[in-house]
Amino acid sequence: MKNLLDERKTKFQALKDIRSRIIKGTMPVKKTYTPEMRIKDIADKGTFREFRFGFSTGDPLGFPDYKRKKEEIQKNTGVKEAVLSGTCCIDGHNAVIAVMDRRFLMGSMGIAVGEIITRTFEYADAHRQPCIIFTASGGARMQEGMFSLMQMAKTAAAAEKYKRNGGLYIVCLTNPTTGGVSASFASLGDITLAEPGALICFAGPRVIEQTIGQALPKGFQISEYLEEHGFVDRIVRRDEMRAVLSQLLKLHEVPKMKTSGKEYYRGRQ
Amino acid sequence: MIEGIRGSRKNSELTPAERVYLARLEERPKIYDFIESLFTDFFECKGDRAGKEDRSICGGIALFEGLPVTVLGHRKGRSLEENLACNFGMPGPEGYRKALRLMKEAEKFSRPVITFIDTPGAYPGIDAEKFGQSGAIAENLAFMSTMQVPVITFITGEGNSGGALAIAVANKVYMLENAVYSILSPEGFCSIMWKDAARVKEACSMMKCTAQELYDFGITDGILREHEGGAQNDIGAVCMEIRDVLRRELNRYSGMNGNDIAAERQKKYRNIDVRFIVQ
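Chains A and B supply the protein sequences, listed in that same order.
No gaps in the numbering here: position 243 of the first sequence is 243 in my numbering, and each next residue is one more.
No gaps in the numbering here: position 119 of the second sequence is 119 in my numbering, and each next residue is one more.
For the record, the hints were derived by calculation from the structure and aren't laboratory data.
One or more hints might be untrue.
What the hints assert, rightly or not - Pairs of lysine-lysine residues, derived as BS3-like cross-links and limited to a Cα-Cα distance of at most 25 Å, are as follows:
hint: 1; chain 1: A; residue 1: LYS69; chain 2: A; residue 2: LYS80
hint: 2; chain 1: B; residue 1: LYS267; chain 2: B; residue 2: LYS108
hint: 3; chain 1: B; residue 1: LYS52; chain 2: B; residue 2: LYS130
hint: 4; chain 1: B; residue 1: LYS267; chain 2: A; residue 2: LYS67
hint: 5; chain 1: A; residue 1: LYS80; chain 2: A; residue 2: LYS67
hint: 6; chain 1: A; residue 1: LYS163; chain 2: A; residue 2: LYS250
hint: 7; chain 1: A; residue 1: LYS163; chain 2: B; residue 2: LYS104
hint: 8; chain 1: B; residue 1: LYS10; chain 2: A; residue 2: LYS161
hint: 9; chain 1: B; residue 1: LYS104; chain 2: B; residue 2: LYS46
hint: 10; chain 1: A; residue 1: LYS40; chain 2: A; residue 2: LYS250
hint: 11; chain 1: A; residue 1: LYS67; chain 2: B; residue 2: LYS201
hint: 12; chain 1: A; residue 1: LYS31; chain 2: A; residue 2: LYS75
hint: 13; chain 1: A; residue 1: LYS163; chain 2: B; residue 2: LYS267
hint: 14; chain 1: A; residue 1: LYS161; chain 2: B; residue 2: LYS195
hint: 15; chain 1: A; residue 1: LYS161; chain 2: B; residue 2: LYS108
hint: 16; chain 1: B; residue 1: LYS46; chain 2: B; residue 2: LYS108
hint: 17; chain 1: B; residue 1: LYS195; chain 2: A; residue 2: LYS70
hint: 18; chain 1: B; residue 1: LYS108; chain 2: A; residue 2: LYS163
hint: 19; chain 1: B; residue 1: LYS52; chain 2: B; residue 2: LYS10
hint: 20; chain 1: B; residue 1: LYS10; chain 2: B; residue 2: LYS201
hint: 21; chain 1: B; residue 1: LYS130; chain 2: B; residue 2: LYS46
hint: 22; chain 1: A; residue 1: LYS218; chain 2: B; residue 2: LYS130
hint: 23; chain 1: A; residue 1: LYS31; chain 2: A; residue 2: LYS45
hint: 24; chain 1: A; residue 1: LYS161; chain 2: A; residue 2: LYS218
hint: 25; chain 1: A; residue 1: LYS69; chain 2: A; residue 2: LYS31
hint: 26; chain 1: A; residue 1: LYS80; chain 2: A; residue 2: LYS70
hint: 27; chain 1: B; residue 1: LYS104; chain 2: B; residue 2: LYS52
hint: 28; chain 1: A; residue 1: LYS31; chain 2: A; residue 2: LYS70
hint: 29; chain 1: B; residue 1: LYS201; chain 2: A; residue 2: LYS69
hint: 30; chain 1: B; residue 1: LYS195; chain 2: A; residue 2: LYS69
hint: 31; chain 1: A; residue 1: LYS45; chain 2: A; residue 2: LYS80
Said to hold, decoys possible - Pair ranges (Cβ atoms, derived):
hint: 32; chain 1: A; residue 1: GLU253; chain 2: B; residue 2: ASN271; range: 28 to 38 Å
hint: 33; chain 1: B; residue 1: ALA50; chain 2: A; residue 2: GLY197; range: 24 to 34 Å
hint: 34; chain 1: A; residue 1: ASP91; chain 2: B; residue 2: ARG49; range: 33 to 43 Å
hint: 35; chain 1: B; residue 1: ALA197; chain 2: A; residue 2: ARG49; range: 38 to 48 Å
Owing to the predicted nature of the structure, the values given are computational and were not obtained by experimental measurement.
Virtual Cβ for every residue (Gly too), placed ideally from N, Cα, C.
With the rest of the complex left out, here is chain A:
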C-alpha cells in the first residue's frame, strides 16, 4: 500500500515538473495525440512492428506545390504519410493496427493512404488477424483528384473482402472523420467505436450551413449525436481504449469450432 502511494507521489511530482517546465517555456507543448503515442498507450510494450511496404507515390495530377508541400511536412514532422500501420499485441492478443495522422495534410486519403489501408486489410486477411483502424481524416485528398475518389472504392472493397473472409474489423472514429474516409472504410466496421467529442460526418458543418442557409443544431455530427442516432456502438475515452479493445478481442477469440459443418475462424489461432 505504501509502495503504491509512493509511486503515485512520484508520478504526481513528475507531472508537476513537466507542467512547470511547459509554463517556463523550457519544454515544447505536445498538442496532438500522435499515432505513435496512441499505439504506445494501446499496444503491449515493444510489440509494435511497423509495416514497411516500401513504395512511394507520385503526383498524378501534377498539382502545383503539392510535391513541395508533402516534402516539407515530411521534413518538419518526420511523418511519411497520413497513416501509420503495423502489427502489435494488445493484452496478449495479436492484431493489425492502422492509425491515421491528421498532422499530414489533415489525414486526407490519396493513393498512398488508400494503398496502405488496403494492404493492411490484405495482411490481416492473409494472417487471419483482427484489424483495428483509428480514423482521422478530412476526407479524400483534393490534390490527387479522381485517384483519391477511387481510393474509396478500393478501401471499401478491401474491407468487405476481409470481413467476408471472417475477419474482425474494429474501427474507432476520432476527430475528425469526414468526407471520403467516413463514406468508405470508416463506416464498415463490425464494431464501431468513437472518441468523445469527435466530428464525424460526410459533408462538413460549413458546407451544410452554406447549402441550407441556417445554423446547425448544437452538438450536430459529434460522436455523442451519432451514438444517439445509432451509428456508434460505444464512445470510448483514451484512458479506457486499451481495456475496451482487449475485451473486444477476447470476445471474438472463439476457439476453432464446428458450426453446421463449416469451420469458423476469428481472431488469434
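Please build the complex by placing chain B on the supplied structure of chain A, with the hints as guidance.
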C-alpha cells in the same frame, strides 16, 4: 460568353470549364431520355423500405433488347419545379439504400446493372447526415465490389464526389465526351483549396475531370462521341452510341461466371492507380 458554345464550337476545342457548363445544361439528355430510347417495359421501383422514397435516384427493371436488366441513375429535372421534386439530383441516404436494394435484387435474379451518373454530389443536409449519408455510401461501395453480375456505368452529365461513385463501382465505366467526373464540384474544390469561389475556371482545368483526361488515366474505359456543341443537339445519336456499347459489353459478359465478373471488378479497382505506386 459561355452561351456561345452551344452549337457553334467544336467539341474538341472546348475547355474544361465549358464542358462543365455543357454537362449541367437543363436540355442535356437525362435518365428518362435514356430509359425511353434504350429500354422497353420499364417498371420503376420506389422506396428504401425504411420509410422514405428519394426521387433523386431513379431505378427499376427493364428489358434491353429482350434481356432483363436493372437500371439505376440520378434524376435531374428540366425546370425548377421538376428539380425541386428530385432535389437537383442530389440523393440522401434513402436514395442510396434504394439503389442498394435494387442491386441486391438484380444479383438475386442475375440481372446486369446499368447505371447512369448525373449528380452534383450527395446532398449535404441535416436529415441526410442524421440518417447516415456516409454509411449508406460506404455500404454501396462495399456491396458493389462483390456483385456477381456485370455493372456498366455511363457518366452522362456531371459526376461529383462519393455521391456519384456510390452507384458507379462498375466493371466498365463509359463517359460521354462532354461529361465531367470529379472528386468534388469545382465550386466545392475552390472553397476547400483556396476559400475563393471566383477561381472555378482554374479549378476545372486543374482537377482533370474531362472524359479524355480520365480515359488517359485509365479510370474510365471509353469515350462516347456527342454531337458538336453538346449531346442536347442530338439525343438520338448519343443513345445509339450507348446502345452499341451496351450490346457489345453485355454480350461479352453473357458467357462469364459470376465469380469472374466480381474478380474482374475487384482487380480493376485494386489496380486503378498502380502506375503511380513505385515499389
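Each hint tested on the structure:
1. A/LYS69 / A/LYS80: Holds, because 12 Å separates the two Cα atoms, which is no more than 25 Å.
2. B/LYS267 / B/LYS108: Holds. B/LYS267 to B/LYS108 sits at ~23 Å (cutoff 25 Å).
3. B/LYS52 / B/LYS130: The hint holds at about 14 Å.
4. B/LYS267 / A/LYS67: Since the Cα atoms of B/LYS267 and A/LYS67 sit roughly 28 Å apart, the hinted pair is violated (cutoff 25 Å).
5. A/LYS80 / A/LYS67: 13 Å, holds
6. A/LYS163 / A/LYS250: 18 Å, holds
7. A/LYS163 / B/LYS104: 18 Å, holds
8. B/LYS10 / A/LYS161: 46 Å, violated
9. B/LYS104 / B/LYS46: Measuring from Cα to Cα gives roughly 14 Å; hence the hint holds.
10. A/LYS40 / A/LYS250: With a Cα-Cα distance of about 20 Å, the restraint between A/LYS40 and A/LYS250 holds, given a limit of 25 Å.
11. A/LYS67 / B/LYS201: Between A/LYS67 and B/LYS201 the Cα gap is close to 23 Å, so the pair holds against 25 Å.
12. A/LYS31 / A/LYS75: 19 Å, holds
13. A/LYS163 / B/LYS267: 18 Å, holds
14. A/LYS161 / B/LYS195: Given pair A/LYS161, B/LYS195 is violated - Cα atoms ~39 Å apart, limit 25 Å.
15. A/LYS161 / B/LYS108: Given pair A/LYS161, B/LYS108 holds - Cα atoms ~19 Å apart, limit 25 Å.
16. B/LYS46 / B/LYS108: Given pair B/LYS46, B/LYS108 holds - Cα atoms ~18 Å apart, limit 25 Å.
17. B/LYS195 / A/LYS70: Distance of about 20 Å is within 25 Å: holds.
18. B/LYS108 / A/LYS163: Holds - the C-alpha atoms of A/LYS163 and B/LYS108 are around 21 Å apart, at most 25 Å.
19. B/LYS52 / B/LYS10: 44 Å, violated
20. B/LYS10 / B/LYS201: 19 Å, holds
21. B/LYS130 / B/LYS46: Roughly 22 Å between the alpha carbons, so the hint for B/LYS130 and B/LYS46 holds.
22. A/LYS218 / B/LYS130: Holds, at about 13 Å.
23. A/LYS31 / A/LYS45: 23 Å, holds
24. A/LYS161 / A/LYS218: 38 Å, violated
25. A/LYS69 / A/LYS31: Judged against 25 Å, a Cα distance of about 22 Å means the pair holds.
26. A/LYS80 / A/LYS70: Status holds; Cα separation ~9 Å.
27. B/LYS104 / B/LYS52: Cα-Cα ~18 Å, so holds.
28. A/LYS31 / A/LYS70: 21 Å, holds
29. B/LYS201 / A/LYS69: 23 Å, holds
30. B/LYS195 / A/LYS69: At roughly 18 Å apart (the allowed maximum being 25 Å), A/LYS69 and B/LYS195 satisfy the hint.
31. A/LYS45 / A/LYS80: 23 Å, holds
32. A/GLU253 / B/ASN271: 28 to 38 Å: For A/GLU253 and B/ASN271 the Cβ distance comes to about 34 Å; the hint holds.
33. B/ALA50 / A/GLY197: 24 to 34 Å: Because 29 Å falls inside the window, the suggested range holds.
34. A/ASP91 / B/ARG49: 33 to 43 Å: For A/ASP91 and B/ARG49 the Cβ distance comes to about 42 Å; the hint holds.
35. B/ALA197 / A/ARG49: 38 to 48 Å: 47 Å, holds
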